[in-house]
Amino acid sequence: MTTTAAVPTPQPTGRPLWRRLIGFNLLTAVALGVGGYYLGWFIGHQISAKSLAYQEKTSENDVALLVAYLFGVVGFLIGLGFANYPVSRLLGRPASLREKEEEGIGRYFGLCTDHKVVGMQYLIGIGLFFFIGGVNAMLIRTELLHSTPTFVGPGQYISLVGMHGTMMMGMMTSGILGPFANYFVPIMLGARRMAFPRIEALTFWLLMAAGFILTSTIFFGGFPTGWTGYEPLNDQAVMGMDSYIIFFALVGISMCLLGLNMMATIITMRAPGLTWSRLPIFVWSVLATAVLMVLAAPVLVATLTMAALDRTIDTSFFIPGGGGSSYLFENLFWFFGHPEVYILALPGFGIVLELLPVFTRKPLWGYRLAVSGMLGVTLLSFFVWQHHLFVSGINADLRPFYMLSTEIISIPTGFIFLCAMGTLWKARSSFSVPMLFCLAWVFNFLIGGLSGVFVSDTPSDTSTHGSFFTMAHFHYTIMGGLIFTFFAAIYYWVPKMTGLRFNERLAKLHFWLMFIAFNSTFLPLFAIGMMGQPRRVSQYAPNLHALNTWVSISAFVLGLSMLIFIANTVYSMIFVRLPVAMNPWRSKSIEWQIPTPVPVYNFEQVPVFDSDPYDYGTPIHVGGTRPEPAGA
Amino acid sequence: MSEPNHARRFALIWGIASVVATPLVIVLLGPILPPGKSTEQAAGQVTDNTVLLGMATPVLLLVVLYLAYSSIYFRQPKGGAVLEGPAVRGDARVQTTWIIVTTALVLSLAAYGTARLLSDNGAGSGSGPTPLTVPKGPKLPVQVIGQQWAFTYRYPTYGGVEVPHLVLPEGKMIELHVTSLDVIHSFWARQLGVKADANPQVDNIAFVEPTKVGAFEVRCSELCGLWHGEMFDHGRVVTQAEFATWIQQAQVAYAPATKALPPYSTTYLPEPTRRGG
Amino acid sequence: MASPSEGLPLGRTVPPVPAGVEIPPEPPDVGARALSVASRLLAGATTFFFLAFIFAYFYLRSINVEHLWRHGHIDPNQALGGAMIGCVVLSAILAIVSGRQMKAGSRSWPAPAAGAVVLGLAAVALQCIEYTRQHFGPTDGAYASVFCAWTALYLIAVLGTMYWLETQVATELRARREPAPTSGDIGRADELIAPALDATVFYWAFLAAIGVVTYVVLYLL
Ligand code: HEM
Ligand SMILES: [Cu+2]
Ligand SMILES: [Cu+2]
Chain A
57 MTTTAAVPTP QPTGRPLWRR LIGFNLLTAV ALGVGGYYLG WFIGHQISAK SLAYQEKTSE
117 NDVALLVAYL FGVVGFLIGL GFANYPVSRL LGRPASLREK EEEGIGRYFG LCTDHKVVGM
177 QYLIGIGLFF FIGGVNAMLI RTELLHSTPT FVGPGQYISL VGMHGTMMMG MMTSGILGPF
237 ANYFVPIMLG ARRMAFPRIE ALTFWLLMAA GFILTSTIFF GGFPTGWTGY EPLNDQAVMG
297 MDSYIIFFAL VGISMCLLGL NMMATIITMR APGLTWSRLP IFVWSVLATA VLMVLAAPVL
357 VATLTMAALD RTIDTSFFIP GGGGSSYLFE NLFWFFGHPE VYILALPGFG IVLELLPVFT
417 RKPLWGYRLA VSGMLGVTLL SFFVWQHHLF VSGINADLRP FYMLSTEIIS IPTGFIFLCA
477 MGTLWKARSS FSVPMLFCLA WVFNFLIGGL SGVFVSDTPS DTSTHGSFFT MAHFHYTIMG
537 GLIFTFFAAI YYWVPKMTGL RFNERLAKLH FWLMFIAFNS TFLPLFAIGM MGQPRRVSQY
597 APNLHALNTW VSISAFVLGL SMLIFIANTV YSMIFVRLPV AMNPWRSKSI EWQIPTPVPV
657 YNFEQVPVFD SDPYDYGTPI HVGGTRPEPA GA
Chain B
265 MSEPNHARRF ALIWGIASVV ATPLVIVLLG PILPPGKSTE QAAGQVTDNT VLLGMATPVL
325 LLVVLYLAYS SIYFRQPKGG AVLEGPAVRG DARVQTTWII VTTALVLSLA AYGTARLLSD
385 NGAGSGSGPT PLTVPKGPKL PVQVIGQQWA FTYRYPTYGG VEVPHLVLPE GKMIELHVTS
445 LDVIHSFWAR QLGVKADANP QVDNIAFVEP TKVGAFEVRC SELCGLWHGE MFDHGRVVTQ
505 AEFATWIQQA QVAYAPATKA LPPYSTTYLP EPTRRGG
Chain C
370 MASPSEGLPL GRTVPPVPAG VEIPPEPPDV GARALSVASR LLAGATTFFF LAFIFAYFYL
430 RSINVEHLWR HGHIDPNQAL GGAMIGCVVL SAILAIVSGR QMKAGSRSWP APAAGAVVLG
490 LAAVALQCIE YTRQHFGPTD GAYASVFCAW TALYLIAVLG TMYWLETQVA TELRARREPA
550 PTSGDIGRAD ELIAPALDAT VFYWAFLAAI GVVTYVVLYL L
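Residue numbers (our numbering), protein chains in the order written: chain A, 57 to 688; chain B, 265 to 541; chain C, 370 to 590.
Incorrect hints may appear among the rest.
The calculated label-pair distances, taken between Cβ atoms and stated as ranges, are [claimed, not checked]:
#: 1; chain 1: C; residue 1: H440; chain 2: A; residue 2: L454; range: 40 to 46 Å
#: 2; chain 1: A; residue 1: P655; chain 2: C; residue 2: E547; range: 28 to 34 Å
#: 3; chain 1: C; residue 1: E547; chain 2: B; residue 2: V346; range: 58 to 64 Å
#: 4; chain 1: B; residue 1: E481; chain 2: A; residue 2: V90; range: 47 to 53 Å
#: 5; chain 1: C; residue 1: R502; chain 2: B; residue 2: T394; range: 55 to 61 Å
#: 6; chain 1: B; residue 1: I336; chain 2: A; residue 2: R424; range: 25 to 31 Å
#: 7; chain 1: B; residue 1: K400; chain 2: C; residue 2: A448; range: 56 to 62 Å
#: 8; chain 1: C; residue 1: F427; chain 2: A; residue 2: A105; range: 57 to 63 Å
#: 9; chain 1: C; residue 1: A526; chain 2: B; residue 2: A281; range: 56 to 62 Å
A few chain A residues that don't get close to chain B, going by computed Cβ distances all over 12 Å [as the list claims (entries may be wrong)]:
#: 10; residue: F80
#: 11; residue: P142
#: 12; residue: V143
#: 13; residue: G181
#: 14; residue: G183
#: 15; residue: F186
#: 16; residue: P205
#: 17; residue: I323
#: 18; residue: G377
#: 19; residue: A426
#: 20; residue: L480
#: 21; residue: D513
#: 22; residue: F612
#: 23; residue: E660
Among chain B residues calculated to face chain A with C-beta under 8 Å, some are [stated by the list, open to error]:
#: 24; residue: D312
#: 25; residue: L324
#: 26; residue: V352
#: 27; residue: R353
#: 28; residue: W362
#: 29; residue: I364
#: 30; residue: D384
#: 31; residue: S391
#: 32; residue: K403
#: 33; residue: G457
#: 34; residue: D461
What the hints contain is simulated information worked out from the structure, not anything from laboratory work. Every residue gets a Cβ at the ideal spot worked out from N, C-alpha and C, and that includes glycine.
Just chain A, same shape as in the assembly (with noise of 0.2 Å):
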């Protein structure tokens, strides 16, 4: 069976605005998930009246509040209509691949498996998350003007922090493959669709109604654990803490759902001549995340599972008083937790060195290097876990193997750099603004990586520890690492996605404001944490005050810069709407050669790949330098 050019499905004109409200659509599914809130309510109310730990808890009822979530989301996605399809397979009707779509912006507004609208819907989507968790930021920064707790209380202090930590680590993993990976690695591979469209948007929408459980973890008492969720503080923690068990719960699936339809897209569906070694390097990245979010997002799931199961019907997993351990949830949370620092990590490798090549009209310096270090910190990030527990007498004998493969992890972390640095090496490079972003990434990120060499040594980590010396290291490897290539991507592609082109200028004043003002703000709390101001905190010493007002006010220019790019996107996509030229960065990928708009079916003929997408530059001897055959 064939299909033939473009086949937009007539518009069904003249339906009547009320005929088209009604249906799965994000109307019903809102309808359907407070309906199913409510239900669940009810429903877990029944369950624990019975039981008599409800008796001890008067007005604290978790079973009842993790029912009503989980009736919440099953509502919310069956009135979107992930349920058709499973009932009508259920009957024995056959597979297919998309749903009845609507058509035009109403795609965009429920379930759609055109990995091009998912794309859509993800970068708006985790941006208003992103926005969220850094308002949250802002106010922690507000409240450390202070060395006491004075703008808020101590409890919605740390409820901040955690929010703030919880919001960012859950969305952001997704911050990169959700939105770009969705909308270019099928174009990139040749393809017209993901392996599963389906799990493609199931793992959108179900991102979403985490985002949403967490925010209304405000109207529980928030919860008092940090994104990490400790037992047993995590058992004892009021009703706001079932927001953050069934968030961090969605996101592991969401996250697992999303790695394997990449993983499995990847695997079969390149197109002809696409061979490993010609793979982009950003796709290469994807699967490296991709296999590991297939396998740490089961496990979160599975600790999480259990801390619900310790808060409602009274397993002792994590409860020392019942036979169970708090070390266990340790052990079992950075097992999933080290892999989920290098999920954030591994697709801003990716964009680097995808970027690079491009504007600085060379090869990609070492292609084989870059691949293999980005498998091998895949490989080792299983391996290191413990290098979060240094000081919590857990293995203690076994510290100096895990100093030991986590110092070990520096080495590919290390081939990234190497390939970046080579390939910038006597290069044409023009300093447009993703350019920019990538090359602060280098900074930014080697910062990072030069603290980590301190965290993970164990005499030095004694001291920075649950610091804010540690709190330095790690927002320079994510918020450095990561958040500045999610812009770098954002100034890159999004020209494509939209087809319409960003204020230069005010692009540049973004970026130069973000740098410095991220710089001014995380690099003094290496100090700080040095000095001795424990993390979570909002009282600390008076002689840090000078230190920590510095710092909070580079955090607002740092969110002043974020509302000159909130600004910048408004202007320019919404008002000013400047086309953009078909191929402003000369790039040589394949998304770049197919229509702006790209159509329905990407592609009307399957591309045949000939060479990876990085033959730049004069295959001629300069200074020396002995070029080599391909991935060298």
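Add chains B and C with the ligands to chain A, keeping to what the hints say.
Just chains B and C with the ligands now, kept in the frame of chain A:
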């Protein structure tokens, strides 16, 4: 073509910068690095931090100078057509050298860290119930008990007396037994260079030998609930004679409380309360 | 020396297709291979999911806090547990048989597959009966916690797999009644029945193996 020899020039710049900056960093920053020198362990950590800083400086300079150098010299000329760079896809020699150098660096760092950890008896960190290395000679055991939201300290060799502020004798090896009665806390005495998590049902041991008389801060550095931020106080290091009189007074002053306490033990089964705070 | 990139062809250009020309579908085996890869990945994810419980089991058992790991009276019902795992294994064997038959071109494969579904559901039922019969609940120490959570989550996984297997049977039976439909996006939908069954059978066999591990750890050790 009269391109300068960039490789040699850059190597020269980096070499000079490293040779100048590394000793400067070590000499100027080293002495003021936290956590100070009031215990053997803290002084050890300062040494450790200095070595790491000394190693990090040339690496930092390498990448930063490289970024600057390539941004200055390897740019697209202003105006005119877009020029392409050389189509070089790698260099086996450079890659091999890089791998060898980074591997050597990383392995020596790990070896150094391990050696410091073991030779310093855990370097002040919580080393679990059965530490790998135990200092020889007499030790003064002190139990640190974390609970929401205060630390208390028990001296098992002095009748198990429990006091609200930590007092330690100078020049004696202290064996800290850190445990918790509820959630996880972390005992952080910054000036002593000690950090050890207080876990319920775990006896987490850390060794520290104070070498200077004076006050030090104690903070909880693991999130433990609402008043985690308020969980700090001060301790003192005193001379051995002062310590002897102090502990005698404390034994007398707290005698009624000591009688009411459960007998000393490495861990205490918490009451099975849930939903405490 | 460098040359201007102006005017050079930019990499792989995609030639436009003249209007009216049919676009060939994607290679027919893409869907099949994707299913096969996905079932392997799902098996990997499932392994790591249950690994958390295996770890919890051995960790809590080895530290045995305050001797609260397992009191003497906490013993799962061996008869029901054995019957449950028997059903799981038998069901997996039937599923494999059905996969073999399908590959051999026999039209009778839905029968053993349906049998496998029935047995799988029986296993779920048996385990639920066991919950009502056993003399301990989730609050009775660490072993009891691990036991209840692990078996319950395993049952959910079994239920999901039975759903998956059922869709294969139902699809085949409907396809026999109604002649091969084509759907707008996938080519011939009935071409996917065989690889889908293959993927399901692989996953179910894998999950059954995890079931055996579950049984050995929770009932026999
Ligand atoms: C907008 C810039 C940001 C600022 C000003 C900022 C500020 C902060 C501050 C002050 C804290 C620590 C509060 C405390 O421990 O008392 C914190 C914690 C944290 N931040 Fe950020 N942050 C920013 C962006 C990010 C991003 C982009 C991420 C990750 C994608 C992130 C992840 C985290 C995490 C995981 C924590 C730890 C939360 C915890 O302790 O549980 N932050 N941030
Ligand atoms: Cu880690
Ligand atoms: Cu605390």
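Each hint, compared with the structure:
1. With their beta carbons about 31 Å apart, H440 of chain C and L454 of chain A fall outside the hinted range of 40 to 46 Å.
2. Look at P655 of chain A against E547 of chain C: about 33 Å separates their beta carbons, and that is inside 28 to 34 Å.
3. A C-beta distance of roughly 60 Å is found between E547 of chain C and V346 of chain B, which places it inside the suggested range of 58 to 64 Å.
4. For E481 of chain B and V90 of chain A, the Cβ-Cβ distance of about 50 Å falls inside the hinted range of 47 to 53 Å, so the restraint holds.
5. A hinted range of 55 to 61 Å for the beta carbons of R502 of chain C and T394 of chain B is inconsistent with their spacing of about 42 Å.
6. For the hinted restraint 25 to 31 Å between I336 of chain B and R424 of chain A, the CB-CB distance of approximately 30 Å keeps it satisfied.
7. Between K400 of chain B and A448 of chain C, the C-beta spacing of about 59 Å keeps the proposed range 56 to 62 Å intact.
8. Between F427 of chain C and A105 of chain A the CB atoms are about 37 Å apart, so this pair departs from the stated range of 57 to 63 Å.
9. Range check, A526 of chain C to A281 of chain B: Cβ separation about 59 Å, and the 56 to 62 Å hint holds.
10. The non-interface label for F80 of chain A is consistent with chain B: the shortest C-beta to C-beta separation is roughly 41 Å, beyond 12 Å.
11. Every Cβ of chain B is farther than 12 Å from the Cβ of P142 of chain A; the closest lies at roughly 39 Å, confirming the non-interface assignment.
12. With a cut of 12 Å on Cβ distances, V143 of chain A stays outside the contact zone with chain B, its closest approach being about 41 Å.
13. Chain B leaves G181 of chain A outside its interface by the beta-carbon criterion, the shortest separation being 29 Å against a cut-off of 12 Å.
14. Every beta carbon of chain B lies more than 12 Å from that of G183 of chain A, the smallest distance being close to 29 Å; the non-interface claim holds.
15. Even its closest Cβ contact with chain B, about 24 Å, leaves F186 of chain A beyond 12 Å, as expected for a residue assigned away from the interface.
16. The claim that P205 of chain A is not at the interface with chain B is violated, since a C-beta of that chain comes within 12 Å of its own (minimum 7 Å).
17. The Cβ of I323 of chain A lies farther than 12 Å from every Cβ of chain B, with a closest approach of about 25 Å, so its non-interface assignment holds.
18. Here G377 of chain A does not stay apart from chain B, with its beta-carbon only about 5 Å from theirs, under the 12 Å limit.
19. Separation of A426 of chain A from chain B is inadequate, the least Cβ-Cβ distance of about 10 Å not exceeding the 12 Å criterion.
20. Interface exclusion of L480 of chain A from chain B breaks down, the closest Cβ pair being 4 Å apart, not more than 12 Å.
21. Interface exclusion of D513 of chain A from chain B breaks down, the closest Cβ pair being 4 Å apart, not more than 12 Å.
22. Consistency note on F612 of chain A: stated as away from chain B, and its beta-carbon is indeed over 12 Å from all of that chain's, at 22 Å minimum.
23. The beta carbon of E660 of chain A sits about 29 Å from the closest Cβ of chain B, which is more than 12 Å, so the claim that it is off the interface holds.
24. Below 8 Å, beta-carbon pairs count as interface contacts, and D312 of chain B has one with chain A at about 4 Å; its hint therefore holds.
25. Checking L324 of chain B against chain A: minimum C-beta separation of about 6 Å stays under 8 Å; hint holds.
26. With a cut of 8 Å, the hint placing V352 of chain B at the interface with chain A holds, because the nearest CB-to-CB distance is about 5 Å.
27. With a least beta-carbon distance of about 5 Å to chain A, the hint placing R353 of chain B at the interface is held under the 8 Å criterion.
28. Proximity of W362 of chain B to chain A holds as hinted, the smallest CB-CB distance being about 5 Å (cut-off 8 Å).
29. For I364 of chain B, the interface hint is violated, since its Cβ never comes within 8 Å of a Cβ in chain A; the closest pair sits about 10 Å apart.
30. Annotation: D384 of chain B was flagged as interfacial toward chain A, and the flag holds, the nearest CB pair being 7 Å apart, inside 8 Å.
31. Annotation: interface hint on S391 of chain B holds; nearest CB of chain A at approximately 4 Å, less than 8 Å.
32. A hinted interface residue such as K403 of chain B counts as satisfied when its beta carbon comes closer than 8 Å to some beta carbon of chain A; here the least separation is about 17 Å, so the hint is violated.
33. Because the closest C-beta pair between G457 of chain B and chain A is about 6 Å apart, less than 8 Å, the hint holds.
34. Here the hint on D461 of chain B is kept, as its CB sits about 4 Å from the closest CB of chain A, short of 8 Å.
In terms of the numbered hints stated before, the structure departs from hints 1, 5, 8, 16, 18, 19, 20, 21, 29 and 32, listed from lowest to highest.
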